[in-house]
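One line per chain: the protein sequences are A and B, in this order. Letter by letter, the first sequence follows residues 0 to 465 of numbering that gives the first Met the number 0. Letter by letter, the second sequence follows residues 0 to 465 of numbering that gives the first Met the number 0.
Derived from the structure by calculation, the hints contain no laboratory data. Heads up, a few of these hints could be off.
[Unchecked claim] Using 27 Å as the maximum straight-line C-alpha spacing, the simulated DSS-like pairs for lysine-lysine come out as follows:
1) A:Lys-373 x A:Lys-352
2) B:Lys-38 x B:Lys-19
3) B:Lys-373 x A:Lys-373
4) B:Lys-38 x A:Lys-126
5) B:Lys-19 x B:Lys-460
6) A:Lys-434 x A:Lys-8
7) A:Lys-126 x B:Lys-126
8) A:Lys-373 x B:Lys-103
9) A:Lys-352 x B:Lys-373
10) B:Lys-383 x B:Lys-38
11) A:Lys-103 x B:Lys-126
2 protein chains.
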Amino acid sequence: MPADIAGAKAALSHLDIEEKEVAIKAASRDFFWYSPVLKDRLDHVVADFVVRPRNEAEVIEILKVCYAHDVPVTTRGAGTGNYGQAMPLEGGCVMHLRHMDKVKEIHPGRVICEPGVLLKDLDAATKEHSGQELRMFSSTWATATIGGFIAGGSGGVGSCTWGSLRDLGNIIRLRVVTMEEEPRIVEFTGEELARVSHAYGTNGIITEVEMPLAPAYDWVEMFVATDDFMDAARFAEALANQDGILIKLATVFEAPIAKDYFQRVAPYVEADTNLIGLMVAPQSMDGFLTFLGRRPEARLIYRNDDFDWARTPGPVFEYGWNHTTLRALKVDPSITYLQVRYGYPNHLDLIEKMRNELSPEVLQHLEVLREGGKVIFAGLSLVKFTTEERLDEIIRLHEEAGAMIFNPHRYTLEEGGRQTVDDRQLRFKKEADPKGLLNPGKMIAWDDPDWDYSRMYAYPKLQAAE
Amino acid sequence: MPADIAGAKAALSHLDIEEKEVAIKAASRDFFWYSPVLKDRLDHVVADFVVRPRNEAEVIEILKVCYAHDVPVTTRGAGTGNYGQAMPLEGGCVMHLRHMDKVKEIHPGRVICEPGVLLKDLDAATKEHSGQELRMFSSTWATATIGGFIAGGSGGVGSCTWGSLRDLGNIIRLRVVTMEEEPRIVEFTGEELARVSHAYGTNGIITEVEMPLAPAYDWVEMFVATDDFMDAARFAEALANQDGILIKLATVFEAPIAKDYFQRVAPYVEADTNLIGLMVAPQSMDGFLTFLGRRPEARLIYRNDDFDWARTPGPVFEYGWNHTTLRALKVDPSITYLQVRYGYPNHLDLIEKMRNELSPEVLQHLEVLREGGKVIFAGLSLVKFTTEERLDEIIRLHEEAGAMIFNPHRYTLEEGGRQTVDDRQLRFKKEADPKGLLNPGKMIAWDDPDWDYSRMYAYPKLQAAE
Numbered sequence: 000m001p002a003d004i005a006g007a008k009a010a011l012s013h014l015d016i017e018e019k020e021v022a023i024k025a026a027s028r029d030f031f032w033y034s035p036v037l038k039d040r041l042d043h044v045v046a047d048f049v050v051r052p053r054n055e056a057e058v059i060e061i062l063k064v065c066y067a068h069d070v071p072v073t074t075r076g077a078g079t080g081n082y083g084q085a086m087p088l089e090g091g092c093v094m095h096l097r098h099m100d101k102v103k104e105i106h107p108g109r110v111i112c113e114p115g116v117l118l119k120d121l122d123a124a125t126k127e128h129s130g131q132e133l134r135m136f137s138s139t140w141a142t143a144t145i146g147g148f149i150a151g152g153s154g155g156v157g158s159c160t161w162g163s164l165r166d167l168g169n170i171i172r173l174r175v176v177t178m179e180e181e182p183r184i185v186e187f188t189g190e191e192l193a194r195v196s197h198a199y200g201t202n203g204i205i206t207e208v209e210m211p212l213a214p215a216y217d218w219v220e221m222f223v224a225t226d227d228f229m230d231a232a233r234f235a236e237a238l239a240n241q242d243g244i245l246i247k248l249a250t251v252f253e254a255p256i257a258k259d260y261f262q263r264v265a266p267y268v269e270a271d272t273n274l275i276g277l278m279v280a281p282q283s284m285d286g287f288l289t290f291l292g293r294r295p296e297a298r299l300i301y302r303n304d305d306f307d308w309a310r311t312p313g314p315v316f317e318y319g320w321n322h323t324t325l326r327a328l329k330v331d332p333s334i335t336y337l338q339v340r341y342g343y344p345n346h347l348d349l350i351e352k353m354r355n356e357l358s359p360e361v362l363q364h365l366e367v368l369r370e371g372g373k374v375i376f377a378g379l380s381l382v383k384f385t386t387e388e389r390l391d392e393i394i395r396l397h398e399e400a401g402a403m404i405f406n407p408h409r410y411t412l413e414e415g416g417r418q419t420v421d422d423r424q425l426r427f428k429k430e431a432d433p434k435g436l437l438n439p440g441k442m443i444a445w446d447d448p449d450w451d452y453s454r455m456y457a458y459p460k461l462q463a464a465e
Numbered sequence: 000m001p002a003d004i005a006g007a008k009a010a011l012s013h014l015d016i017e018e019k020e021v022a023i024k025a026a027s028r029d030f031f032w033y034s035p036v037l038k039d040r041l042d043h044v045v046a047d048f049v050v051r052p053r054n055e056a057e058v059i060e061i062l063k064v065c066y067a068h069d070v071p072v073t074t075r076g077a078g079t080g081n082y083g084q085a086m087p088l089e090g091g092c093v094m095h096l097r098h099m100d101k102v103k104e105i106h107p108g109r110v111i112c113e114p115g116v117l118l119k120d121l122d123a124a125t126k127e128h129s130g131q132e133l134r135m136f137s138s139t140w141a142t143a144t145i146g147g148f149i150a151g152g153s154g155g156v157g158s159c160t161w162g163s164l165r166d167l168g169n170i171i172r173l174r175v176v177t178m179e180e181e182p183r184i185v186e187f188t189g190e191e192l193a194r195v196s197h198a199y200g201t202n203g204i205i206t207e208v209e210m211p212l213a214p215a216y217d218w219v220e221m222f223v224a225t226d227d228f229m230d231a232a233r234f235a236e237a238l239a240n241q242d243g244i245l246i247k248l249a250t251v252f253e254a255p256i257a258k259d260y261f262q263r264v265a266p267y268v269e270a271d272t273n274l275i276g277l278m279v280a281p282q283s284m285d286g287f288l289t290f291l292g293r294r295p296e297a298r299l300i301y302r303n304d305d306f307d308w309a310r311t312p313g314p315v316f317e318y319g320w321n322h323t324t325l326r327a328l329k330v331d332p333s334i335t336y337l338q339v340r341y342g343y344p345n346h347l348d349l350i351e352k353m354r355n356e357l358s359p360e361v362l363q364h365l366e367v368l369r370e371g372g373k374v375i376f377a378g379l380s381l382v383k384f385t386t387e388e389r390l391d392e393i394i395r396l397h398e399e400a401g402a403m404i405f406n407p408h409r410y411t412l413e414e415g416g417r418q419t420v421d422d423r424q425l426r427f428k429k430e431a432d433p434k435g436l437l438n439p440g441k442m443i444a445w446d447d448p449d450w451d452y453s454r455m456y457a458y459p460k461l462q463a464a465e
């Protein structure tokens, strides 16, 4: 059935509906444009209308009305994702959860809140309440929502200690509304969490989350410099392997990233300076400085609690994760990036190999990550983009060498993930979204179960560019 | 010079001096008797007098007076060590720090206190103040002191997450008094901490400690049972490798330890039941139960927040670390133990090999430990003692197989450690204890630099048995 946009809008007119074209356009975009490939495909995509529910009852009403009118619903938080997670490929309704920002309960080690609360505001509330904070957050902490992080993210600042969002224990409970004739409310814990976490809102809408908390410390943020790149990588790995030193971030930037792209750091580094960005708990600083003292190859050039730089560089985590790419893009619009996983135990060799083969076309930006109890690296490598063919070749070179790529130049769950169908997500979509109206075009397994991944998937119902 | 005991006692008579023979005898003993070897050598050892300083000034006075009178000083907390750490081999003065139990300052992530405070009382104070607790503690938490733990211990409950006391960051600062004509006060941080931590009070007396804290949770304590021993070991390792599940203890007991030695657990297990003791943070219980659900070979038989056992078994950590040996000893006085380190990555193979060769003469008791960022196992194996020769042979079999032994049947730092001289400790002893009066007989490097470790060291000035 064709979508009855006008009918749905009319039925929802008593809610907070956005009608202004420019605002609809803004709410129809995320940070997909980090990828020239996605920019080429998705730049024109726009919703028909935007609605901002104030509570779960309104979410249910929106889903019910849109179901009745066959209107696709793409749900978003702040839209800070880079995989086009929140792009409404078919148009229809964008459901923006910004009003659902209540922090409901805070307990030792956990918090219950609505999905639309900003990570920053959630941390402020839990810190104020009892000196706690989220275990991990994206570098878009200041603007992103917890619901968006869970539905569209994988980990971030804190993952060097706690692993990824998908690891057992890093999400406690999700409350979800289905898109059926009569939407249901379901509560997911344990094995069920994988149905809807990192599912881009394709099979249910999260209306409440329960997340574990860690103690909030006044993290000491630092930059450490080395002349040799592998020294920097080894430094970050060895620090993360210090069981008694509590860290929240260890990021490695190959030269000349710091000099070329980090405007406020640039005066204090040379073009050949490799940089390490760190967050260390204050009670671990004595241990950290001892660790540092054993490594004459590493120089502490900045700490946020004691520095003489002319201007503060701002939070060090806003240099890491995908803020690195953002900073590079602002200076050189031809830069894009890859998401790489260098697995244990060959991670350092693999990093060195890829660098030897591809630098400076591909510059190494590494994030320390825990996976299966081991310290490894995620790469958010900066890529000097030339053509899609060359980008695909660079990806192929990584995969052939044994590095896993989570391709950020694709908008489907499968292509941006492990290139396999997630049966748990697919089965739940069949149950919870029988008409396939939730964030359409993002789950290949739903659209085209026989897809062979030999080329980039193109959603047949993607809006045509004008 | 011979010790002038009477002169020292007279000079210290205004302090809290213990004169009663039975009390002096009690204060001259630690838990060395877990070892039949040490029991044979040290059972008769007794101090000439015991003094209990109330503050640092009195510590200084005692050390100064004993220095002037050439009286050896062996310092103790609760005397819960098992290596004879607190045994006054030459007699002389035992300095008991029980009065020095003030908690001075509590901050986010750290605490400053005197050495004589009980671990239990320290945790109570930091929990009450701000929901914090020590990162790790010995299973003698209820009776042991923080100073004794630092001077004589290596790790314990919490080391599965935070590593060992010697790891950078697990001790922040130690304030130490030397034993010279004019005792000095020195403050140690960083690299200097290794001079006096785990030095048995042989080269300085700790008068103040600064330790890192972790959040205090209402840990869920559990017993999980398996039929197969290696299943239990793999379960504990895999759980500790779950980055998102916060644990404080993972202990593995080979059958029939639980049935034979754990009186309150025995009714709920069979002779062939292998047991896992766990402490899991409450916010991690959903993740834990999911982990458990994936392992049909493991059965949850007890959790302290929901159980139908006739009697509570008490704290689960009081079954682990060296409480396991204590419980076994109470049932079977012929039991003793070994301290083993099964290093990464061959730890599981090594454990299986030693068990195949030696069970049931040696029963596996494993503690999950983090070392260098990896999950490994410490073994506190239960040994059915026959002869010293056989015990030495069992040790040799472990060492030949590649397992490191920290021999708890020796009273010197070197033999109970890595069988090498710790230059940092020795150098500081030369500076801080020129007469060699602090806990004499415990540092071979001081007594006999050319000792070749071919046999058990026997301190020449050890008190003769009557």
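Results of checking the hints against the structure:
no. : hint                  : result
1   : A:Lys-373 x A:Lys-352 : 21 Å, holds
2   : B:Lys-38 x B:Lys-19   : 23 Å, holds
3   : B:Lys-373 x A:Lys-373 : 7 Å, holds
4   : B:Lys-38 x A:Lys-126  : 53 Å, violated
5   : B:Lys-19 x B:Lys-460  : 25 Å, holds
6   : A:Lys-434 x A:Lys-8   : 19 Å, holds
7   : A:Lys-126 x B:Lys-126 : 17 Å, holds
8   : A:Lys-373 x B:Lys-103 : 37 Å, violated
9   : A:Lys-352 x B:Lys-373 : 25 Å, holds
10  : B:Lys-383 x B:Lys-38  : 16 Å, holds
11  : A:Lys-103 x B:Lys-126 : 25 Å, holds
Checked against the numbered hints given earlier, this structure breaks hints 4 and 8; the rest are met.
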